[in-house]
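Engineer: Use the sequences and the hints to build the structure in full.
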Amino acid sequence: MIDQYAAQARRFRWYIPESFNIGQAILEGKADDAVALWDVAEDFSFRTYTFGDLRRDANRVANGLAHLGVSRGDRVGILLSQSMELVVTHLATYLIGAIAVPLFVLFGDEAISYRINDAQCRLLVADAADWARLSSLRPEWNSVTHVLLTHSSEHIDPEVLSWDRIRDGASDRLAHQPTNANDPALVIYTSGTTGSPKGALHAHRVLLGHLPGVVMPHQSFPMPGDAMWTPADWAWIGGLLDVLLPSLFYGVPVVAYRARKFDPERTTGLLRKMPIRNVFFPPTALRLLRSMVDQPIPGVSLRTLASGGESLGADLTDWIRRVFGVVPAEFYGQTEANLLISNAPDVFPPVAGSIGRPVWGHEIHLLTERGEKVLPGEVGEITLALPDPVAFLRYWNRPDATEAKTAGQRIHTGDLARQDELGNVFFVGRSDDVINSAGYRMGPTEIEGVIATHPEVAMVAVIGKPDPIRGEIVKAFIVPRAASVNQKQVAREVQDLVRQRLGAHEYPREVEFVESLPVTATGKVERRTLRLREQAP
Numbered sequence: 001m002i003d004q005y006a007a008q009a010r011r012f013r014w015y016i017p018e019s020f021n022i023g024q025a026i027l028e029g030k031a032d033d034a035v036a037l038w039d040v041a042e043d044f045s046f047r048t049y050t051f052g053d054l055r056r057d058a059n060r061v062a063n064g065l066a067h068l069g070v071s072r073g074d075r076v077g078i079l080l081s082q083s084m085e086l087v088v089t090h091l092a093t094y095l096i097g098a099i100a101v102p103l104f105v106l107f108g109d110e111a112i113s114y115r116i117n118d119a120q121c122r123l124l125v126a127d128a129a130d131w132a133r134l135s136s137l138r139p140e141w142n143s144v145t146h147v148l149l150t151h152s153s154e155h156i157d158p159e160v161l162s163w164d165r166i167r168d169g170a171s172d173r174l175a176h177q178p179t180n181a182n183d184p185a186l187v188i189y190t191s192g193t194t195g196s197p198k199g200a201l202h203a204h205r206v207l208l209g210h211l212p213g214v215v216m217p218h219q220s221f222p223m224p225g226d227a228m229w230t231p232a233d234w235a236w237i238g239g240l241l242d243v244l245l246p247s248l249f250y251g252v253p254v255v256a257y258r259a260r261k262f263d264p265e266r267t268t269g270l271l272r273k274m275p276i277r278n279v280f281f282p283p284t285a286l287r288l289l290r291s292m293v294d295q296p297i298p299g300v301s302l303r304t305l306a307s308g309g310e311s312l313g314a315d316l317t318d319w320i321r322r323v324f325g326v327v328p329a330e331f332y333g334q335t336e337a338n339l340l341i342s343n344a345p346d347v348f349p350p351v352a353g354s355i356g357r358p359v360w361g362h363e364i365h366l367l368t369e370r371g372e373k374v375l376p377g378e379v380g381e382i383t384l385a386l387p388d389p390v391a392f393l394r395y396w397n398r399p400d401a402t403e404a405k406t407a408g409q410r411i412h413t414g415d416l417a418r419q420d421e422l423g424n425v426f427f428v429g430r431s432d433d434v435i436n437s438a439g440y441r442m443g444p445t446e447i448e449g450v451i452a453t454h455p456e457v458a459m460v461a462v463i464g465k466p467d468p469i470r471g472e473i474v475k476a477f478i479v480p481r482a483a484s485v486n487q488k489q490v491a492r493e494v495q496d497l498v499r500q501r502l503g504a505h506e507y508p509r510e511v512e513f514v515e516s517l518p519v520t521a522t523g524k525v526e527r528r529t530l531r532l533r534e535q536a537p
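Numbering (UniProt numbering), first residue to last: 1 to 537.
Since the hints were derived computationally from the structure, they do not count as laboratory data. All C-beta atoms in this analysis are idealised placements derived from N, C-alpha and C, irrespective of residue type, glycine included.
Distance windows between CB atoms, simulated:
no., residue 1, residue 2, range
1, 484, 420, 40 to 46 Å
2, 52, 514, 48 to 54 Å
3, 129, 492, 46 to 52 Å
4, 314, 48, 38 to 44 Å
5, 466, 44, 47 to 53 Å
6, 486, 11, 55 to 61 Å
Structural biologist: Put into structure tokens, the structure is as follows:
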């Protein structure tokens with residue numbers, strides 16, 4: 001039997017042209033009448049935008065930005081939900097050689113101002129609906145010369161202008177500014193789970209670097225009839241570069257849906273309404289959806305479902321197969337270097353608990369603290385050999401952090417994993433999440449996966465709690481499916497589950513039931529917050 005994965009890995013070659021621009025690559029070579037975007041409103045009515053529409057509007061907005069003084073290398077903050085305006089603003093920014101800075105609309109005031117000031121944005125694009133809140137922050141942004149507001153028909157003052165009027169008043173003929181593939185294109189801020197968020201500066205080549213990591217989980221993407229959607233916000237690398245930009249590059253329509261928070265009922269409505277064939281679902285969204293959906297959804301016909309950010313676990317994987325009729329593909333990446341490891345269900349059978357195999361084109365090694373390669377079955381840090389087109393250029397104004405992240409010509413992810421003889425990678429946890437109890441080192445992910453199979457457990461997080469005898473003990477925080485659950489009984493049962501399936505050294509000696517878990521803006525559980533709480537006097 002031919003090993004398709006190994007054969008394709010051997011054949012794969014990067015082609016990164018010297019001159020490359022994300023905006024031009026997406027807009028060129030597409031038929032004017034080809035559907036690019038369905039922009040869906042709250043009531044599920046929608047507007048269709050073609051590549052011709054995007055090309056015309058992106059050129060106009062690019063000319064408008066240039067008229068306002070934005071030039072090559074300037075940063076443009078984009079504080080918008082999924083929408084046509086977000087897509088056009090990104091493309092326009094790239095076309096003139098400026099640098100996009102995606103910002104999450106649910107950020108608090110301090111988080112927004114921190115990123116705008118750290119990146120020294122020259123211009124900010126935001127929704128007029130948010131201006132009442134943002135206007136009070138405006139004096140803090142010393143570098144911002146203009147704010148453009150979408151969904152506003154009038155200019156507010158000489159510095160706060162209508163995005164629509166800027167677009168409508170500009171020419172749709174643009175003198176393109178050629179960019180090198182290694183020229184900066186965007187700054188995406190890390191989640192900030194440890195220390196202040198850092199801006200990861202990516203080059204235009206990052207789009208090309210993502211493509212094999214999109215093809216693998218979405219099974220020979222693109223295929224005829226494909227149409228992509230994700231509930232993940234396009235301000236994060238998962239929404240922007242796992243979904244939006246690669247889909248448009250391939251000419252695949254994307255669904256934009258403005259949802260301030262994930263709503264399972266509205267999600268099923270959207271899946272019924274729109275011809276969505278491919279989705280990227282963060283695990284947290286899938287768990288919320290599972291809380292109200294237990295049978296196949298009439299009218300929904302997915303071809304692929306990808307997930308990443310944390311482990312799905314066996315129970316959630318089985319639910320996906322039953323409800324959507326597809327084999328989910330888990331993948332792995334970081335803001336600094338994304339889509340490095342992935343499953344590819346049409347190429348090799350996913351192994352339970354595995355985040356996949358190294359994506360074609362990326363040289364991935366698991367290393368010890370001394371920089372030596374580990375043997376199959378041993379735990380090591382996931383690293384990426386440089387240079388690599390998916391890797392960031394550097395942290396914005398953080399040379400020391402950049403040097404540490406790229407020491408030895410490798411991206412050091414800080415994530416631990418083990419690999420089997422076939423190359424399947426099993427995530428163990430962040431290096432700072434590893435629990436050291438009585439000489440045993442263990443990752444929380446595997447323990448969480450076992451506990452999550454209990455029918456009364458909705459969500460779970462596992463940490464190491466300081467202990468005077470063992471150094472640390474395993475502690476589990478559980479969000480139950482029902483408030484009336486018998487906590488003592490469930491605690492005993494999950495302890496027994498872990499003992500039986502993983503061993504007595506890994507069972508949680510403490511189990512605490514909570515209403516919710518602390519999560520990042522991208523939905524990842526913040527174990528660090530739980531650890532700090534346990535360390536408090």
